Amino acid sequence: MVPVTASLEVSGLAFAYPDGHQALFGVDFSIARGERVALLGPNGAGKTTLVLHLNGILGGGTGTVTVAGLPVSRQHMAAIRQKVGIVFQDPDDQLFMPTVREDVAFGPAAAGIKGAALEERVHTALERVGMREFADRPPHHLSFGQRRRVAVATVLAMEPEILVLDEPSSNLDPASRRELADILRSLDVTVLMVTHDLPYALELCPRSLVLSDGVIAADGPTGALLSDEELMRAHRLELPFGFDPKSVTTGA
Amino acid sequence: MGAGHTHRLYRHGHSPVHGLPPHTKLAAAFLFVVVVVSTPREAMWAFAVYAVLLAVVAYQARVPARFLLGRLLIEVPFVAFAVLMPFVAEGERVHVLGLSLSVNGLWGAWNVLAKGTLGVAASVLLAATTELRELLLGLQRLKLPPLLVQIASFMIRYGDVITDEMRRMRIARESRGFEAKGVRHWGVLAKSAGALFIRSYERGERVHLAMVSRGYAGSMPVIDEVTASGAQWRHALALPCAALVVCLLGWML
Amino acid sequence: MHVPDGFIDAPTSAVTGVVAAGALAVSLRGARRELDERTAPLAGLVAAFIFAVQMLNFPVAAGTSGHLLGGALAAILVGPYTAVLCVSVVLLMQGVLFADGGLTALGVNITDMAIVTTVVSYAVFRGLLAVLPRKRRSVTVASFVAALVSVPAAAVAFTLIYAVGGTTDVSIGKVATAMIGVHVLIGVGEAVITALTVGAVIAVRPDLVYGARGLRQRLQLRVNGALVDAPAPTAPVAARTSRRTLWVTGLVTSLVLAGFVSFYASANPDGLEKVAHDKGIDKKEKEHTSAGSPLADYGVKDVSDARLSGGLAGVIGVGVTVVAGSAVFWSLRRRRGDDVSPVNTGV
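Residue numbers (my numbering), protein chains in the order written: chain G, 1 to 252; chain W, 253 to 505; chain H, 506 to 852.
Read the hints as simulated data drawn from the structure, not as lab findings. Remember, predicted model here, so these are calculated numbers, not experimental data. There may be inaccurate statements among the hints.
[What the hints assert, rightly or not] Residues on chain W that point at chain G, a partial pick, calculated with CB under 10 Å:
id: 1; residue: Gly271
id: 2; residue: Leu384
id: 3; residue: Ile408
id: 4; residue: Arg409
id: 5; residue: Tyr410
id: 6; residue: Asp412
id: 7; residue: Glu426
id: 8; residue: Val464
id: 9; residue: Ala469
id: 10; residue: Ser471
id: 11; residue: Leu501
id: 12; residue: Trp503
id: 13; residue: Met504
[Claimed, not checked] If you want a taste of the chain W side facing chain G, the calculated C-beta under 8 Å gives, among others:
id: 14; residue: Ser405
id: 15; residue: Phe406
id: 16; residue: Val459
id: 17; residue: Met463
id: 18; residue: Ser465
id: 19; residue: Gly467
id: 20; residue: Pro473
Where is the CB? At the ideal position from N, CA and C, for every residue including glycine.
Let the hints inform the model, and build the full structure from the sequences given.
This is the structure in structure tokens:
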């Protein structure tokens, strides 16, 4: 069932690194506008490689990636990078400017937005993650959870078509985890969340993809996938001790 | 580096000096030092006037004398050098308290001490009244090549992160019972340095990825521009101008 | 070795400022070739690394410790151009933020610690690699020698600068003996740590050691046979011409200015003239105990009329530096603006 207005469409994507190591062996999936989807998979399944294809940082293999109808290719690169917002795992890598405000402004400014419009973007983005009063602080003075939220804001400021989060819950304490979940749920953008954190996926994403050995091994409702013990075992996915996906009512 | 040091150096405040645009302060400090260095060492009174000028600035900036004097300690190695000069320099000798001192050496020591101290004091005042971020904007405004400003900016942003990693590695070493005692342990320290380099470099690559993902194509977008009014320039340049007058008098008298 | 203000006279400071500006301009261009559009983040992180490593004290003997200068290490790990940029940025920040090294002495400090150490160590390193067998051990050995030579080389450079523009009459012989003596010792420590660090990096990520890239590529060719990346040899050839013109422009500018400014400097009794004429003039002065050193005895200086010319020299020298420095960077920026790089789009 391919939706009419797909935010993201990946078909037949295969890729090998220059050293010969092949990471993707034909990945196919599609995400409709406004969907929140989790991408699950064990270490080394090719998750990061896949993410780096979504905005054209990696490329040159076979297959296609289409973002809101626009193919990811050289001539559309600037537009693609505006549409696909990637939040990397370590916020210290993502927040490279001297102050929070400048960091959030970096993306839109690189796209040529200036002056009042730029300020507006920055304020809205920080407002959406509840970090507005931290605008003039240097990023390294914030707590880890706050840095992660600012990292989300840096991407939101670009008003992306799709938000891609790499391990959004890693290293967060339970309170920060909760706050981030609330923020993500309040956003009205398409979300692709790459994670090991299965309860978090269940909580936020109605649908999940399982990437294993460079192909999509399963695609379906998160609750159903997590309850399929055989599938989980086959792809080295493990639920935390005592966690039963069937007993959880998801707020997604 | 970065935050830790900065906060020790920078003194938050709202004085007239704090309020001046950073590039005017940078220009003023630089020109002041240039004038000081160009003053003849024989005009001792001129250096006293310079010190008074700096004291006035410090007063205006509400930088306490203790802070300023404490920061001057960075000069100590060269003070030691200056103290040696009268003993090792050439030229005619005078005898003070039974020591044979070179007149030229005494002048030289005085020259280095006076100019060096004034230079350090000017830099300390600049750093105490200007935030790091502002300093970078000032350098950018003074037409330092943008790439250099970017490198400096990344260095400041990640200085903390890197020194923090270094500290964690030291703690990890020490909690396994290692203590660097002598030459025998250089190998371990060098391995840490090597690991630190790899981590720094790989982080650089990840930062680059994050930048590219947000549309970076080789040049930094200009987000903040600092500007200065004529009045602000006049305020900032009052210091080097006053110093120039003193300097010229020093040459003529 | 951070030189404070007032240690070197104004004209000499100005000349070294021009030299430093020219070298930085060349390095900015060179670094773009070493790292392309990744220059800013990577060089920034390497600068942060150098800064951190300078704080890593290694114990020398009971109670004393030394620290790395890092010029040789940076040159070998990330290439000479990037290294010059990184060490210069560290020096700039140390000067502006920590008052470590004078603002007017920035040119001296950059020339001495950023340019001389990296250029000398990299030249020695490449020279040795060309002679030694193609093994990893050779890289370590070459790093050792390169770092060992680089520190006394900086001391020699400092002594030369001091000979031209030192503000006191300490005999050059004494300065040279003291500086080079101490720095040979420091150089040994620098050499051991640099070699071990390069060795540690090459064991884990040999691809990151810029100086050993030739080594790695040759190894790869034999293993992968068909996987030869063809564009590699053509790129440096194309680059070399523009690099050469830039070198020549930079060099000519620096030389012309150096000559021009030192013409004025020579009017200054503290400056060149002394060094040039020392032996001839002061025959009538009584001999001192230290007459053994090659450039000993100076005459008593005639301050009377040379004073004004000295001051003039200072002012003109500094003016020239400012104008020249901005001219170099201005032209550089224009050039960079012209060749809107098709390379940058490639990610």
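To see whether the hints hold, each was checked on the structure:
no.	hint	result
1	Gly271	violated (16 Å)
2	Leu384	holds (7 Å)
3	Ile408	holds (7 Å)
4	Arg409	holds (6 Å)
5	Tyr410	holds (8 Å)
6	Asp412	holds (5 Å)
7	Glu426	violated (24 Å)
8	Val464	holds (6 Å)
9	Ala469	holds (7 Å)
10	Ser471	holds (9 Å)
11	Leu501	violated (42 Å)
12	Trp503	violated (43 Å)
13	Met504	violated (46 Å)
14	Ser405	holds (6 Å)
15	Phe406	holds (7 Å)
16	Val459	holds (5 Å)
17	Met463	holds (7 Å)
18	Ser465	holds (5 Å)
19	Gly467	holds (4 Å)
20	Pro473	holds (3 Å)
Violated hints for the displayed structure, listed by number in ascending order: 1, 7, 11, 12 and 13.
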